[in-house]
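> Put chain B on the given structure of chain A with help from the hints.
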Amino acid sequence: MKSRLFLMLALLALATPLFAAEGAAAGATNWVAITSGFAMAIASAGCALAQGKAVAAACEGMARNPGASAAIRFALILGLALIESLALYTLVIILVQVK
Amino acid sequence: MAEHESWLTALFNDHLAGLGQAALALVGAHAEPPQRPWANFIAMQIVVALVMVVLFALMRPKLSVDRPGRLQHVFEAVYDFIKSQVEDVGVHHGQKYVAWFGSLFLFILFANLLGIIPTFESPTMFPPVPLGCAMAAFFYFNIAGLREHGLLRYTAHFSGPVWWLAPVLFPIEIISTLARPLSLTIRLYANMYAGEQVTLAFLGIAPLAVPVVFMGLHVFVSFLQAYIFTLLTIVYVSGAVAHEH
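In order, the protein sequence lines correspond to chains A and B.
The end of the first sequence is residue 99 by this note's numbering, with every number in the run present.
The end of the second sequence is residue 1245 by this note's numbering, with every number in the run present.
Next comes chain A alone, as it looks inside the complex (with noise of 0.2 Å):
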């Protein structure tokens, strides 16, 4: 498991060269999009893991105490909607800088 995150993050510094090349001359790898395809694909792995668990602890919670429910789904909504913001950051910055 954490070699295939070191895995992953080595993979990462591939994307080094994006500094340097901004305009892409034709011909050159786009780097760019390289780097936005692992770099969307990691925040919707972690907003993934991360919504899991809120909805997990939210349903045993529901499960446990019954006439909490509507709390826990308030809690559960606003919880969800943050989280999900900010894997769309990084979608943002992706749209912003792929031509």
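Hints were generated in silico from the structure; no laboratory data involved.
Treat the hints with caution; some may be incorrect.
[Claimed, not checked] Quick list of simulated restraints, FRET-style, between CB atoms: (1) A:GLY27 with B:PHE1081: 23 to 33 Å; (2) A:GLY27 with B:HIS1030: 16 to 26 Å; (3) A:VAL98 with B:ARG1070: 44 to 54 Å; (4) A:ASN65 with B:LEU1011: 34 to 44 Å; (5) A:ALA63 with B:LEU1169: 33 to 43 Å; (6) B:HIS1093 with A:ALA33: 47 to 57 Å.
[Unchecked claim] Computed footprint of chain B on chain A, listed as stretches where at least three residues anywhere in the stretch have a Cβ under 8 Å from a Cβ of chain B: (7) 73-81; (8) 90-99.
[As the list claims (entries may be wrong)] Selected chain B positions facing chain A (Cβ under 8 Å, derived; list incomplete): (9) ALA1031; (10) GLN1035; (11) ALA1190; (12) LEU1231.
We put the CB at the ideal spot given by N, CA and C, even for glycine.
Quick look at chain B alone, frame taken from chain A:
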């Protein structure tokens, strides 16, 4: 980005180009093609505002305590919803803010939903519109806090609960307060823009029935994002007017 003008914007540009140029000249800006100053999102926002005004103008004379009509039931439900959110979050003297929150909620909701209608676009799909809503919310909660506490005590409450943490906490609080309109803008803009792009992508792949699913998702996301925007504004106002008891 959609450079292509919608039919409504073309109508504005054909007949009201002078008005648009005068309005832009008031703030010292000028349009890209100078003969066509109206942008798509401006025309769509005007549609949303007109829809809201007409809706409430139609409803107002028919308001009745004994025999409420259907529109009255619907908007009473909306009003109760906003009021219950304000009470859940626990805003100090929350009643005076409910009208503004309701207006914000309905504006963002109608703006989001306008994109479902063919040949119309959601104005919230373009960055200036969520930015405008977020700046309105930003000024609103700051002004509410300033009116409640006064300038000195309002800035003092950024320093946190204890005095010896103030030098650390003050810049953190200022930055996080300034980040609030940014996050509100990006959340609303990215949700609407991504929803449209996903629908367009599937329109290219499987144009027959699949995009309807994504338009349905867009409707759900419209409601959710309008609700989240309003809820976060309520939370910010409650933080700004809070009194330590």
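> With 47 to 57 Å as the target window, see if HIS1093 (chain B) and ALA33 (chain A) comply at their CB atoms.
For HIS1093 (chain B) and ALA33 (chain A) the Cβ distance comes to about 52 Å; the hint holds.
> How does the Cβ-Cβ distance of GLY27 (chain A) and HIS1030 (chain B) compare with 16 to 26 Å: does it lie in that range?
violated (38 Å)
> Do the beta carbons of VAL98 (chain A) and ARG1070 (chain B) sit within 44 to 54 Å of each other?
Hint holds: Cβ distance 47 Å, inside 44 to 54 Å.
> Are there three or more residues in the segment 73-81 of chain A whose C-beta lies closer than 8 Å to some C-beta of chain B?
As far as the segment 73-81 of chain A goes, the hint holds, because 4 residues have Cβ atoms under 8 Å from chain B.
> For the hint on LEU1231 (chain B), does the least C-beta distance to chain A fall short of 8 Å?
The hint holds - LEU1231 (chain B) has a Cβ within 8 Å of chain A, the shortest such distance being about 6 Å.
> How does the coverage statement for the segment 90-99 of chain A fare against chain B, requiring three or more residues with Cβ below 8 Å from a Cβ of that chain?
Satisfied; 3 residues make the cut.
> Is it true that the C-beta distance of ALA63 (chain A) to LEU1169 (chain B) lies inside 33 to 43 Å, as the hint says?
holds (38 Å)
> At a threshold of 8 Å, is the proposed contact between ALA1031 (chain B) and chain A supported by beta-carbon distances?
violated (23 Å)
> Given a hint of 34 to 44 Å, does the C-beta separation of ASN65 (chain A) and LEU1011 (chain B) actually sit inside it?
Given range 34 to 44 Å: violated, Cβ gap about 56 Å.
> For the range 23 to 33 Å, tell me whether the beta carbons of GLY27 (chain A) and PHE1081 (chain B) fit it or not.
violated (57 Å)
> With a cut-off of 8 Å, does the beta carbon of GLN1035 (chain B) approach a beta carbon of chain A closely enough for the hint to hold?
Since the shortest Cβ distance to chain A is 28 Å, the answer is violated.
> Would you check whether ALA1190 (chain B) satisfies its interface hint, that is, whether its CB is within less than 8 Å of any CB in chain A?
holds (4 Å)
Checked against the numbered hints above, the structure breaks hints 1, 2, 4, 9 and 10 and satisfies the rest.
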